[in-house]
Structure formats: C-alpha cells, structure tokens
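Chain Y is already provided as a structure; the job is to place chain C on it using the hints.
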Amino acid sequence: MKERSLYADLAWLPVPPADFNARCAKLLTHADPSREIRSLAAYALDDNKLNRLAGAIASARSNRFSLASLTPFRLGVIGSGTLDFVIPALISSAARHGVALECVKGQYDQFLQEAVSATSTISTANCDAVLIALDYRSLPLDSPPADAEAGRRAVAAALDLISAIRAGIRSNARAVSIVQTFPAPPETLLGSFDRILPGSPRFALDALNQQLSASIPGSQDILLDVATLAETVGLAEWYSPSQWNMAKLPFSNTFLPLYAEHVARILAALRGKSRRCLVLDLDNTLWGGVVGDDGVEGIKIAQGDAVGEAYLAVQRLALALRARGIVLAVSSKNSDETARAPFQQHPEMLLRQDHFAVFQANWSDKASNIRAIAEELSIGLESLVFLDDNPMERGLVRQALPDVAVPELPEDPALFARTLAAGGYFEAVAISSEDLRRVSSYDDNARRVALRSAATDVDAYLALLDMQITFQPFDEIGRARITQLINKSNQFNLTSRRYTEAEVLAVASNPGCFALQVRLADRFGDNGMISVVICRPMSLEPGKERCWEIDTWLMSCRVLGRKVEQMVLAEVLRHARAAGIDYLLGRYRPSNRNGMVRDHYQKLGFTRRGERDGDTEWLLTTDTAVAEQPMTVCRAGFDVHAEPRRAAVAAELAGAQGCRD
Amino acid sequence: MTNEEIYQELTIIFRDVFCDDELQLEPELCAADVSGWDSLRHVRLILTVERKFNQRFPASKVAELKNVSELVALIRSSPCLDT
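So the protein lines, in turn, are chains Y and C.
Heads up, the first sequence stops at 661 in my numbering, and the numbers go up one at a time, no gaps.
Heads up, the second sequence stops at 83 in my numbering, and the numbers go up one at a time, no gaps.
Bound conformation, chain C alone:
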C-alpha cells in the first residue's frame, strides 16, 4: 500500500470512530488536537485499524504512538495476518 492509500483508509476509519465526517488527517495530528480522543476512543481506533488492515499491534508498540504519522509507520512495518 502506498502512503496515500493508507492515509485514505485511515481518514475513513478516523471519521467512523470519531463520528465526524469532516475530520481531516494530518501527520502531526494527535490526541490533544481532537475533542473526544480519550483512552476509550483510542482503544476503538486501534481495534478498528487492526481489523481494517488485518494486523495486530503488540501493546508496547501501541503505547508509544504519539501522532498519526507514527501510526502510519506502524501500519507500514507490521505484517498482515493470515485470513
């Protein structure tokens, strides 16, 4: 997947999770920037990303994420699960 494709998929995911169809993704976007991005929403976000990209992220990697660009990097570097 190209970076652009990942951003496209992630935009749909973010909009679904935050129930905000206007939300725009920037690489620097982080929890402080988006209202309603609390720990529960973060869990929802990670689980949705895992499901859509068919990956599983170890807890240690998830804990380190600071913003969207790091999430994209994590997606790029993680293998896909067997269907």
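Pulled out of the complex, with its shape left as it was, chain Y reads as follows:
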C-alpha cells in the first residue's frame, strides 16, 4: 500500500472505513444525525468523499433534521476562478470541527461587486464571515520590470482592491473577512533575481503578503495564510496549469481537502473550538523504548542519537505549545514511580514534571485516565488531544471518547512532531494574555487523579481487534527470542528466573517440563512473541502429588489489559489436565521491578497458600474453568506424545520428592 502523504492525504486523520458510503446513505435513519456526521467527517476524506458527505448533510437539512450537536456558521465565499468544488469540501470539513456550515457562494469572479453592493447575494445573506478566495491572477499587479516606483504603485493598487472588498463586507454584509495571502507561482523569469527585482511576481507578492498581514492586527478580519500552505506542499504542486486551463481551478484539486481543513480550523477557532490540552503517552512517544523494561539509562532520548532526536523533537514541540498556553498532561501505562523516573533522573529530558498539570501513570485503561484528566482540569473532552504511538491505544480512546482528537502517527518517530503540528489542533486566530497565563493557572504540580470506578467498556473494544493468539512449545526457531524475553522482562515477570539459551534448550528437551511460547496478532499487525511460561512437575504434599509448579511466567507489558493472561492460563490448564496434573502452584517472587504482578495469581482465581522465603505461593486445581475471551486460538508444534510422557513423569514423581533445580 502506498504510504500516505502527510498534507495531501491529511495523514493525521484515520483512513475512512469500507462502509463510509453506506453510512452516508443511512444518515437520515439517525434521530440526531449530527453525531454521525461528525463521526464520518473525522476521517481523512478526499474531495469525492467530502462531496458525498456534504450531500448527505444537505439532505439532512432539507429534511428538517436538527443538527443539534453542531454549532451553526454561515460563510460567504467570493473569489476568483471556479469555487464550486470548494463549497462541499468546506461543509464536510467544518463538520469535522463541530461546525454546521452553510455556504453562500458569490457570483463567478464578481468578488468586488458582491462586496460593495448592498443588495448582492453575499450582502443580504446574513453571513457570519466571508472568505475572500482571491487568486493572484485577478490582482492588478503587472508592472514593468526594474521600475521600483511602478512596482510600489501596483502593490498598493492590489492592497486597495482587497481593502475595498473588506470594507464592503464589513459595512454591507456586516461580517468579518477571511483574507488569504498569495502563493507565488513557481515559474520565475530570472531565477533567484526575481526575489529582488521589482515587477516580478515573487517580489510583488512578497510585498503584498507582508502588507496584508500587517493590516490584520487591529482589524476584525482573519488571515488565512495560503502562501505558507502552498509552500509547505510545494508551489509546483499547488499550482496546476492544466487544471487552471481546463476549469479555472485556482489550485490543484489534490489539495482541496487540505485547503478546506485549514478554513474549517479558522471557523472552529472563531467559535472557540480550538483545543487546549495535550495528553501525552510516554514510552515510544516522548522517548524511545519502554522505561519499565529498559530502565532510565536504557531509554533513547540522547542528542546526537538518531532515534533520541526524534523524541526530543516531540518534547520540544510540547514545550513550545505550553509556552503558547496549551496545558500538558501524561497518560502512561506504567507504575507511577517508574514513569516519573526519567523526568527526575535523565539529564537529556527537556520535559520535566513541573511542565505537566496532571500526571496519570497506572495500569488502568487510558480512556478512564483521560476522562479523569479532563474532569480535573474542568475542561470538556473536546478540548483534548491525545498523542500515542500505539494504534491499539489510539483506537480505544477514539472509540470510548470520540470527542478527544487522536492523531494517527506514522511508523517512523522522526515524523511524530511534524504530524502533530500538521494536525493543527491548537490553531488560533488570536493569542491573548489569558492564553499565556492559562498554563500557570492550572498549577503544574503534575498531580495524580484518582479514577472513578466503571466507565470504559474495554471488552467491547477488545472484541473488535480480531486478536489471534498462538501457542507453541519451545522450539529451535523461537529459542533466541524466548531467551531474550526471559532475560529482559522485569515488570510482568512473576519469578524473574533467568535462563541461558542452553538452559532454555534443556527445558525444551525435558519431557517432564511444560513450556509455552505465546504470540499475539491483531488487526494492527503481529506483536510477535509476547509471553513465556515454564512449568515443572513436582509433588506438593501427600495427597497432592500431581502438580506443576509455574517456574516462569512473563509477559510483554505491551499487551496488558487484553486478557492474554486468562488465555495463557486456560492453555496451561488444558495441557495440565491432559498430562494428568491436578494442581498448579504459582509463585510470586517480589523484585524491585515487578510490583505490578503481586496480585496476578489472585486475579486469576488462585488461592493463596502461604509464604516461603519471601515468595508468595498460590494454588489452583486444574479442573478450574476459565471464561472465554474474544480472540481466536492457534496451536502449532505440539507433539501428540508429549502429554502422555508428561503424565508418565508425573506418575513417577507421585512417590518421590518434587524435583527442582
């Protein structure tokens, strides 16, 4: 699949689902279609899908459906060239930002007339704002080359024209103007010299854009910086000679969704809908690696390291947003202590704890945590943006909290900062001293907030993930990774027993031992091997001779909260029963890293048996039933003779001591 282009494809927005067209068609079956409209608009829509959604919205309007949850806005559109495609794109893009947009189009190329006549369509339409979508080809900018005075007069004439339009809109339409800057055409006459040659389009448009921008503060009008937008995607891409010739399209249709999105952001900002808080994940979002496994020394955040630099860029962007009045918060799946450690100890971290108003690091689901953050800050969910590298977490939060903006992120962290910036969630049309003060008014003490009980239906989301779990015995292919997991896992590790590769081989060859390697795949991809279990036969006590001690149980923290533990237990029980085993003995050996699994066996229904040498011991009978979980099970490589062999070993032990290394 071709990689999405960040700007042309609005790659910070998720790809539309296969049933997008069908959902548009069924829009009127909703009592209040506005929620569904906003949901459909939240995807990365191309010009045809924007058009289709706009048609569905129009249909809802004409059938007198109330668009209750959207804020109304009426926008006049005047300008040069063909603007017919722009209108439906604006309507759908505005819905993405919670705005129910009505557009009134001025007559073709009649931008001045529409503005200065008191009886024109635009002047009598009760517009809230008028978009002046002028193209540079409509401006009286021609002047002889190298004539500085003539050049100045030409720029002044262009500025006067625009000022007259704005004045007309102000007094006739009684609306604010959205004023566009002008991208220069990519065709130069004298190359680099154009920039300093009066009379060249580059020289004239530079001067015009500068004077236009200077005229905005102090006026009521708003700037739409199309010049920067066009430069961002490339002037040669922005302007299409063939599309201008064919249909007088002022800019390439490829960028219609991008243009409409930028106008929509202005409308949203005018209606006070800019977002104000950025919630950040930590592992692999603010630094490379997982601090719980790699330790503070092991995370990648160093300057001069290609991976570390990418994450520093995200931190820098967060700091810059904070300076502008955006509140920062953390939502991380880590113990609180582990999560705070890099902020306290790592010298290269740019973000520190006191940059955050709220700091949520725990093992609960992120939707509940984000809800708690919003409540604590007394802001609505629609004021939040959530940044997380993990598509599974992004999907959960989008599902549970549709009002929170969750940008898609590419695989490569080098593009995280750019993608967040491209999402434009915090765009403003003004910056006030209140904005700049806001951050300190939230008292950045990086506080923890207790979670309310209940709330997120994680199970429903898990069922949508198409999870597939694969159980295999230890084998040669997996041995290196098994050994790596055994030695690397610190947090979700019940006993922290370490094995060399030779020792792993010994386990695999021991007919009495039962060992499991577990893989997990879901609709976002293959997570690879995520869990390892080793069971050894032992005799517990007279009357309880056929027992497996769970010598090793570890799991990657990346798949926490997905019921993998329950599936693994079910699989172990299945094999235990087949081998004639009656009891499982679980052991928890506390370390300074594995506090999170202290209650692991209790949660799985084991009974606490007692303490021995600082470890807690837990018991479960193998006839215990484990609830079904929403994932499909695959098994491979299990030897049909294995269980009878294990049963034979167990029988041998029935009269002997338990064997332990």
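A portion of the hints provided could be inaccurate.
One-sided excerpt, in silico: chain Y residues whose CB lies under 8 angstroms from chain C [to be verified]:
1) Asn21
2) Asn48
3) Asn51
4) Arg52
5) Gly55
6) Asp84
7) Ser242
8) Asn245
9) Met246
10) Ala247
11) Asn253
12) Thr254
Anything over 10 angstroms on all C-beta distances counts as not near chain C; from chain Y, calculated [stated by the list, open to error]:
13) Glu149
14) Arg447
15) Ser509
These are computed hints drawn from the structure, not numbers from a lab.
For each residue, glycine too, the CB sits at the ideal point set by N, CA and C.
Relative to the frame of chain Y, chain C by itself:
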C-alpha cells in the same frame, strides 16, 4: 492492467464521483446517459481518474472523449507518472 481491472477501478471512481453506488458502467455510456454529468462533474471525474491511475491527460485528449470506452482507451495508452 487488464480491461476488466480498468473497468473495475473506473466503476468505483464513477460511483464515488456521481455519489451513486448502483451505477453500472457500459462502454457506450456517455454524459447524456447519466443525470448530473455536467461539465463540473466531468472535471471531477477526469481529476479523480488521473489521481487513481497516476496519469495526466493533456487537455486535447480529454476534450475528444465521447464515452467510457474512449476513456478506457485513453487510460490504456497513457504512461504512468513517476511517484
């Protein structure tokens, strides 16, 4: 691409551009046959075809198109752009 593949892609494109998921493509299909196929819709259609097939059609070739089969022929005979 085979003719069949081109027709399959074009059917999706036509349905998207005309917002009609029942639309069936025939080689003889032309503007007169489909309601809403005006000049603006035609522009949308051509631009979408260019984007999906990664081609660019000179204005002269576009002006000559009379029906779907000629559009298919144009797609077949045009080179793909560098990505």
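In ascending order, which of the hints set out earlier in this document are inconsistent with the structure?
No numbers; nothing is violated.
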